[in-house]
Amino acid sequence: MQLDNRLDKRLDNRMQRALDIARTTPDGDIPVGAVVYGPGGEELGVGTNRRQASCDPTAHAEVEAIRAAASALGTWRLDGCELVVTLEPCTMCAGAILGARIESLVFGAYEPKTGAVGSVLDALRDPHHLHTVEVRGGIRERECAELLHNFFRPRRTMGRNNYFNEKETIMGLADKAESLKGDAKEALGDATDNNELKNEGKADQLSGDIKDKLDQAGDAIKDKANEVAGKIQDARENN
Numbered sequence: 001m002q003l004d005n006r007l008d009k010r011l012d013n014r015m016q017r018a019l020d021i022a023r024t025t026p027d028g029d030i031p032v033g034a035v036v037y038g039p040g041g042e043e044l045g046v047g048t049n050r051r052q053a054s055c056d057p058t059a060h061a062e063v064e065a066i067r068a069a070a071s072a073l074g075t076w077r078l079d080g081c082e083l084v085v086t087l088e089p090c091t092m093c094a095g096a097i098l099g100a101r102i103e104s105l106v107f108g109a110y111e112p113k114t115g116a117v118g119s120v121l122d123a124l125r126d127p128h129h130l131h132t133v134e135v136r137g138g139i140r141e142r143e144c145a146e147l148l149h150n151f152f153r154p155r156r157t158m159g160r161n162n163y164f165n166e167k168e169t170i171m172g173l174a175d176k177a178e179s180l181k182g183d184a185k186e187a188l189g190d191a192t193d194n195n196e197l198k199n200e201g202k203a204d205q206l207s208g209d210i211k212d213k214l215d216q217a218g219d220a221i222k223d224k225a226n227e228v229a230g231k232i233q234d235a236r237e238n239n
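In UniProt numbering, the protein residues as written are 1 to 239.
Warning: the hint list may mix true and false statements.
Here are the computed lysine to any residue pairs in the SDA-like style, where the Cα-Cα straight-line distance is at most 20 Å [unchecked claim]: (1) K113 x R51; (2) K113 x D29; (3) K113 x R142; (4) K9 x G38; (5) K113 x M92; (6) K113 x A145; (7) K113 x T91; (8) K9 x E42; (9) K113 x G95; (10) K113 x F152; (11) K113 x L130; (12) K113 x L148; (13) K113 x R136; (14) K9 x R140; (15) K113 x G138; (16) K113 x I30; (17) K9 x K213; (18) K9 x G95; (19) K213 x K224; (20) K113 x P57.
Worth flagging that the hints you see were computed from the coordinates, not collected in a lab.
Generate coordinates for the entire structure from the input sequences, incorporating the hints supplied.
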């Protein structure tokens, strides 16, 4: 029992360190923190999500911490090391953990959408691997999950508000385009019936100008619709 208490305290302290690291995540990136500890308990490397900040799809907290630890040791093999991370690793990060020969993984919150250590897949404990990893999950889970909720909550609300605002903009443009069409038809009719314009050869020119304006309005609506579609897709990917 005393051994279990000491182990629980060690894991608790290490997860607190990972939480502290997660809070330093660059603005715009999902707050996840990771720390690699050596066999003697020394801190070898830390990492946060930097995917947005560095424009690097592989810059997850686990990968950043593993890179830092490998650099500190001067070797890619992290035998006997422990990785502590605030969120269940994805498939890519699970592969990096296996590749680095990390001995044990400790994570906080479960990831039901992309978690590869039990939630969706169980990549680290597959018996076919030459190297297996000891896994402990749910350490300070509530705090780790709350950090993520606090990040996503305002963004989801903002995303919904932006969607409705953009939708109103598109509808306004569409109404304007319909109004322009009506005005154009009337103007075209006037131009066609205007003998003076006919005699001066301006009827065709006026007709062409009106058609150009309609095309511009149509292009503006299409561009705005594509912009909104892109924002909605980004929101879905981040959620």
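Each hint, compared with the structure:
Straight-line distance between C-alpha atoms of K113 and R51 comes to about 18 Å, which keeps the hinted pair within the 20 Å bound. The hinted pair formed by K113 and D29 meets the criterion: a straight-line CA distance of about 18 Å does not exceed 20 Å. About 17 Å separates the Cα atoms of K113 and R142, which keeps this hinted pair within 20 Å; it holds. For a cut-off of 20 Å, the pair hint linking K9 to G38 stands: about 17 Å separates their Cα positions.
For the hint linking K113 to M92, the alpha-carbon distance of about 14 Å falls within 20 Å, and the restraint holds. A hinted pair counts as satisfied when its Cα atoms are at most 20 Å apart, and K113 with A145 qualifies at roughly 14 Å. For the hint linking K113 to T91, the alpha-carbon distance of about 11 Å falls within 20 Å, and the restraint holds. A threshold of 20 Å between alpha carbons decides the hint, and for K9 with E42 the separation of about 16 Å falls inside it, so the pair holds.
Of the pairs offered as hints, the one joining K113 and G95 holds, with about 17 Å between alpha carbons and a cut-off of 20 Å not exceeded. The hinted pair formed by K113 and F152 meets the criterion: a straight-line CA distance of about 15 Å does not exceed 20 Å. Simply put, K113 and L130 have alpha-carbon atoms about 27 Å apart, too far for the 20 Å limit, and the pair is violated. Taking the CA atoms of K113 and L148, the gap is near 14 Å; set against the 20 Å cutoff, the hint holds.
The suggested pairing of K113 with R136 holds, with an alpha-carbon distance near 19 Å, which does not exceed 20 Å. A threshold of 20 Å between alpha carbons decides the hint, and for K9 with R140 the separation of about 11 Å falls inside it, so the pair holds. For the suggested pair K113 and G138, the alpha carbons sit about 16 Å apart, so the restraint of at most 20 Å is met. Proposed proximity of K113 and I30 is supported: the alpha carbons are some 15 Å apart, at most 20 Å.
Only pairs whose Cα atoms come within 20 Å are accepted, and K9 paired with K213 is rejected, the gap being roughly 70 Å. The hinted pair formed by K9 and G95 fails the criterion: a straight-line CA distance of about 28 Å is larger than 20 Å. Note on K213 and K224: the hinted pairing holds, with a Cα-Cα distance of about 17 Å set against a maximum of 20 Å. With a C-alpha separation of about 17 Å, the suggested pairing of K113 with P57 holds against the 20 Å cut-off.
Violation of the numbered hints given earlier is confined to hints 11, 17, 18; the remaining hints are satisfied by the structure.
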